[in-house]
Each structure stands twice: as structure tokens, then as C-alpha cells.
Amino acid sequence: MLNCRSRAYLPLALALATAALLPVRAAAGGELGDVIESLELKTLDGRKVAVASKKAQANVVVFFRTGQEFSADALKAMAECEKEFAAKPVNWVGVVSDTEPAEAVKQLVAEAGVRMAVLVDAGDALYGRLEIRLHPFTVILDKDRRVAVREPFHKIGYCDRLRAQIRFVLKEISAEEVAKLENPDKGTFRVPGGVARRHLNYGRLLLEQKKWEKALEQAEKALGEGPLAAAYVLRGSALAGLGRCPEAIAAFDEALRLEPGEQAAKEGRRACGK
Amino acid sequence: MNMRLTYLAGLLVVTAVLALLPTPSRAAVKTEVRKTALRRGVSVAPLPPSEKVGWSHAPFEGGDCGVCHERNDPKSPGPIRHASVNEQCYECHEDTRDVMARRYKHVPAVEACTDCHNPHNSAERGLLAAEMVSLCLSCHQGIKDQVTKAQVKHDAITQDKKCSNCHNPHAANVEKLLIQLPFDLCVNCHSKDGMTSDDGKPMTNYRKFLSENKVWHAPVQAKDCSACHRTHGGDNFRLLVSAYPSSFYAPYETKNYALCYGCHNSKVVSEPETTTLTGFRDGSKNLHYVHVHKERGRTCRACHEVHASKQDHHIRDGVPYGPKGWMLKINYTKLPTGGSCAKTCHETKAYNNKSLTAGQ
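Chains as they are written, first to last, in the working numbering: chain A, 1 to 274; chain B, 1001 to 1360.
None of these hints come from the bench; they were simulated from the model.
Note that the structure is predicted; figures quoted are calculated from it, not measured.
All C-beta atoms in this analysis are idealised placements derived from N, C-alpha and C, irrespective of residue type, glycine included.
A portion of the hints provided could be inaccurate.
Residues from chain B that keep clear of chain A, each with C-beta distances beyond 10 Å, as calculated [as the list claims (entries may be wrong)]:
| no. | residue |
| --- | --- |
| 1 | R1102 |
| 2 | E1111 |
| 3 | A1123 |
| 4 | L1128 |
| 5 | G1194 |
No more than 20 Å apart at the CA atoms, straight line, and that leaves these computed lysine to aspartate or glutamate pairs for EDC-like [as the list claims (entries may be wrong)]:
| no. | chain 1 | residue 1 | chain 2 | residue 2 |
| --- | --- | --- | --- | --- |
| 6 | A | K221 | B | E1175 |
| 7 | A | K186 | B | D1184 |
| 8 | A | K55 | A | E40 |
| 9 | B | K1176 | A | E80 |
| 10 | B | K1285 | A | E131 |
| 11 | B | K1153 | B | D1235 |
| 12 | B | K1354 | A | E220 |
| 13 | A | K180 | B | E1175 |
| 14 | B | K1354 | A | E213 |
| 15 | A | K221 | B | D1160 |
| 16 | B | K1285 | B | D1317 |
| 17 | A | K210 | B | E1305 |
| 18 | B | K1334 | A | E131 |
| 19 | A | K221 | B | E1061 |
| 20 | B | K1176 | A | D73 |
| 21 | B | K1285 | A | D144 |
| 22 | A | K186 | B | D1312 |
| 23 | B | K1105 | A | D185 |
| 24 | B | K1255 | A | E69 |
| 25 | A | K186 | B | D1235 |
| 26 | A | K186 | B | E1305 |
| 27 | A | K210 | B | E1070 |
| 28 | A | K54 | A | D73 |
| 29 | A | K186 | B | D1098 |
| 30 | A | K210 | B | E1051 |
| 31 | A | K76 | B | E1070 |
| 32 | B | K1255 | A | E100 |
| 33 | B | K1214 | A | E40 |
| 34 | B | K1176 | A | E182 |
| 35 | B | K1214 | B | E1305 |
| 36 | A | K221 | B | D1095 |
| 37 | B | K1334 | A | E31 |
| 38 | B | K1294 | B | D1282 |
| 39 | B | K1176 | A | D160 |
| 40 | B | K1214 | B | D1235 |
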């Protein structure tokens, strides 16, 4: 049996055990959790630049190539994201194979409007190490250079995903919130209760014009969608307008049964002499 | 007298109730008068008597002009009562205001409902100003080109709810005003047995197929069918966005695989030797290159199932052969140092991608 002190240490012990089991594999492949060793590559201009910055909380590494629609689309999306995360500790680098023509790469980057340094991967070594088979492809490393995200291109919703993944690595949102992007709410034509609301609104406008019968019709249509206090108020008001106060009071009573605080129903009852 | 009293009492009730009802604001400082649709420039007046009316807006049908206009006189209704068309519409259609709160909005819907709807009457359902496809394509010229010039058509454009099978023309939570992510929309239809394509070939029931094959191609996983398929119509078989050989055997040419190389690195296939680009190598000998670079080259589908498979690397169980579609097994086995394939295509051959030298 665990005493109180033992119980207090239990979470710590569990955390240590879990940490020991985490897949931290320096210089291994590019699977999630793998740590990529510190690495510098040459830029198109021959400068040496680190793939991952020590100061960054998220290092976005974008693998792309020239002459390909999706790479161009991805870089344009990146340009937007770069601006959005400009004030945050996010480091961006692009990576191209050394077989890519430098001038074409520069042109592609300029057209997309990205500001990131573009590194040249001699002999496709980094591609091979991270086991990347696609273009464009984005790997996001966290502050410990651990592979946190591997994201291929998506024709639909790419920018949303990228933004969410970066925010996830920055710990601004949870994995559940990222996962929600996989299942966005269905963009239906109708919203719940929408049809009833239309009838109620239309009925109220008809009441204003003293078109009692037509307003009553709209109240009935709204009630056809379900028992709504507001629809009973509309029915009561239309009936009162027609001089059918006993029926109006019954409608107001029903509204109050559904929503005891319904002020318009109380007023309606009072004005009908009850 | 009694009747008069009752009527007065009724009026009192209604006045009291109306004063308490949460009605939208009526601050019509300056009324926006639009006699034509903003973008399309067509009239929004009631249809002339010579035209067939299919649907009428309830207030127009009932002669209640004053619901929307300043006066209840059909001959001279005056301007609308609200400062903008949309505010006028939302007075009843407030649920549409909720829809318009979604992230992706159709610009004409933001500007004026009357860009697409005739507020009085129409021959079309939903009071659309014209037949849906022609209405949408009157602005979306690029899509119009795709739809009208496509050699391979997609029935989703012209059947059932037409454009709104997939798009919500008001607003949506997915880019391109899609009602759901592409995959969720596609399987709404492509989950039936017995569907056939334009050329009469049977089409896969994808819900069933994907439930039986758990290794999904990345675009399928990402619900991104439009990465490979041009949903409005196109010139490639199966509505593919780019070239891909429709036959089982084809001599290798990079441009024939533009579809695959839209994402995959062409060097995975084009380089005879590599130690980084693919795991399908024996030492540094690129086995993709070996399979494909033949006069009777094998196309990707010879070994890979494009949507989903039971094995890793999208390797299919077998390939259909002959008119009856007999399945010739590939018999792929994953090994610690690579893998092996056994009869039927060839004698059992293993490869080692952990070594730099072939045959190790």
C-alpha cells in the first residue's frame, strides 16, 4: 500500500519512466521524435547557414524544387506565413537539391515572395537522412531540433494546416486543435433552427403591418419546426390582433410553460386582460 | 362596439408584444437602391409576365411589398427599408447571417444577396437569377473553360445539386467554399457499387476499398483528392490533373508521369544509381530505374496501389492479368535489410538497401 508521500512521488516516477521511453534518436532518420544533429548547408550564394537556429522555438524546413506547380503554391503560402510569424521565434529555411538550377530557384523564390534562406543539399544528403520522397515537403523541428511535424503539400487547406502546425510546435495550440483541421464543421446550407427563425422574423414583420392572418400562418409554420416559446408568442399576438383573446391567452400560456421568463408572453397575457 | 373594443385590445397586445420582441435595428440612414445585380449587372425586378415563374418569394407572392420596401404599394413600393440589401434580407433570413460568419466567404454573398438571387421571383429553385451552373460560370470563367472544354466530364457538376453538391455559395469552413474536405465530399458519391466511368469501366466503391486497405496514400490520408483529380473536368483519364499512362506497360518518359512527379521526386526513378533517394535499391542500384526503364516499362501501378494498400510503400498484393482480371501475386516481403519479391513476375529476388554494394 502506498503512503501519502509515496503517492506524491508517483507522478514524478511515472513522468521519468515515460521520458526514458520517448524516442530520442540523435542523427537517426526523419521520423517524428528523432533529433537532427546540428547541421550547416551552403546557401545559393555560398554562405554557410544552420538548418536549425538555436534561438528558434520552431524551425520550418521547406523542401522544394523548380518547375513544379505545388512547390510554387507552397512557397506562396509560406510567404504569407512568414509575415504572420515574423514577430515569433520561428526560423525558416528552404532546401533544394544541388541539381536544381540556381537561377531558376532564385526566380521561384522571388516570385513567391518568401524571405527565407535557401540552402543547397549536396548529393541529396539531407533528403536521404530525413527520408523525404516528396516535393514540396515541410519538416518542423522544435527548439531541441526534434522532428515535431512532417507535412506534405495539400491542395486544399495547406496554409491553415501549416499555420496550425507551427502554432502547435510553439505550444500555442494543442494537438487536438490541430486534429480539428482534419474534420472541420460541415458547411451546410441550413443551420439548426434557421427555418423556424425565418418564419418568426417574417411573422413579426407581418404583425407590424397588422396582417394578422398571415402572421398566424408564419407562427404555425414556425411551430411546424418544433415547439418554440417565441412561435407561441407570435401565435398569441396574431390571435390577439384578430380579436381572439381566449386563444391568444392559451398560446401565451404555452410560451410561458416552455420559457417561464418569456416577457413578451406575460405582456401579451396582461394586455388580453389576464 | 364589442368588436371595436376587442380589436383595440388586440392592437394594444400586439403593440406591447412588438415592443418587447428582439427585432433587428432599423437604422435606415441611407437606403442602398440596387436595380441591378452588382457584379452581373442584370435586373433584379420581378420576371416579366411572358416568363415562366417557378418560385416566388413569399412577401412578393403575398403582395406584402412593405415587408422589404418602404411602401406596400406594388405599383410604387419605393426603396428597400434597410441601408443595404443584405441587412434587408437578414431581417428574416438571419440564419444566413450565421452562415456568413464562417471563415471562407463568397465575395458576392458578402456584397449583395441580389448578385445571385432575384428577390421577387424566378424560374429557378432558391430564387436563383439563372440556372445554377450558368449562373456560377458567368463569373468563374476559368472553371467555365475547364467544364466546357473538358474531354473527361464529372457528373457531379451537372447532376443533383450541381455546383452546390460540393460548394456552399454563401460561406464555408473549408477553402474554395467546400462544404467538407474533398475526400469527405467525394466518398459521398464514390461509395456505391456499380458506378461506371464515362468509358464504361467500373468505378471503385472507395468507402469499402479504403476500409479494407489501411495503408493510405498521403493525399488520401489528408482528404485531399483534388491533389490528383481535377474535379471540374479535365483532359486526362479518371480526371487526373496531369499526365499518367493509362496502360499497364509504357516506355519510360518523365513527362508521362507528371501526375506522380507533381509531388514525388522524379530522380527516384530517373537515377540509375543512388544511396539516398529511395529504399528500393540493391546497394546503390536503383531498382525503380531497373523496372521502369525498359521498352515495355512497368508503370507505377504495376507494383503500387495508388489509393491504398494492405502493405507498406503502397505495394499491391497482385496485378490483374488477362480479360478475366486474374490476380498475379507480387509476393512482396519486407526484410530487415530491404525486401524481396517472389513469383509471379519473376523468380524470387531480394534487395539490400543497408549496403552500398549490390548483391550483398
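Is it the case that R1102/B keeps its Cβ farther than 10 Å from each residue Cβ in chain A? violated, 6 Å
What's the verdict on K1176/B and E80/A, does the C-alpha distance respect the 20 Å limit or exceed it? holds, 18 Å
Run the distance test for K1214/B versus D1235/B: straight-line Cα separation, threshold 20 Å. violated, 30 Å
Given hint D144/A paired with K1285/B - CA-CA distance at most 20 Å: violated, 36 Å
For the pair we were handed, K1285/B and D1317/B, check the Cα-Cα distance against 20 Å. Violated: K1285/B and D1317/B sit about 24 Å apart, past 20 Å.
Proposed proximity, E182/A with K1176/B (alpha carbon, max 20 Å): holds, 16 Å
Just double-check E1111/B for me: nearest Cβ-Cβ distance to chain A has to come out over 10 Å. Nearest chain A Cβ is 19 Å from E1111/B, so the label holds.
Going straight from one Cα to the other, do K1255/B and E69/A come out at no more than 20 Å? The hint holds at about 14 Å.
Agreement of K55/A and E40/A with the hint, judged by alpha carbon distance not exceeding 20 Å: holds, 15 Å
Are the Cα atoms of K1294/B and D1282/B separated by 20 Å or less? Holds. K1294/B to D1282/B sits at ~18 Å (cutoff 20 Å).
Beyond 10 Å on every Cβ pair: is that true for G1194/B relative to chain A? Its Cβ never comes within 10 Å of chain A, the nearest being 27 Å, so this holds.
With a cut-off of 20 Å on the C-alpha distance, tell me whether K1214/B and E1305/B pass. holds, 12 Å
Consistency with the previously given hints fails for numbers 1, 6, 12, 14, 15, 16, 17, 21, 22, 25, 26, 28, 30, 31, 33, 40, ordered from lowest to highest.
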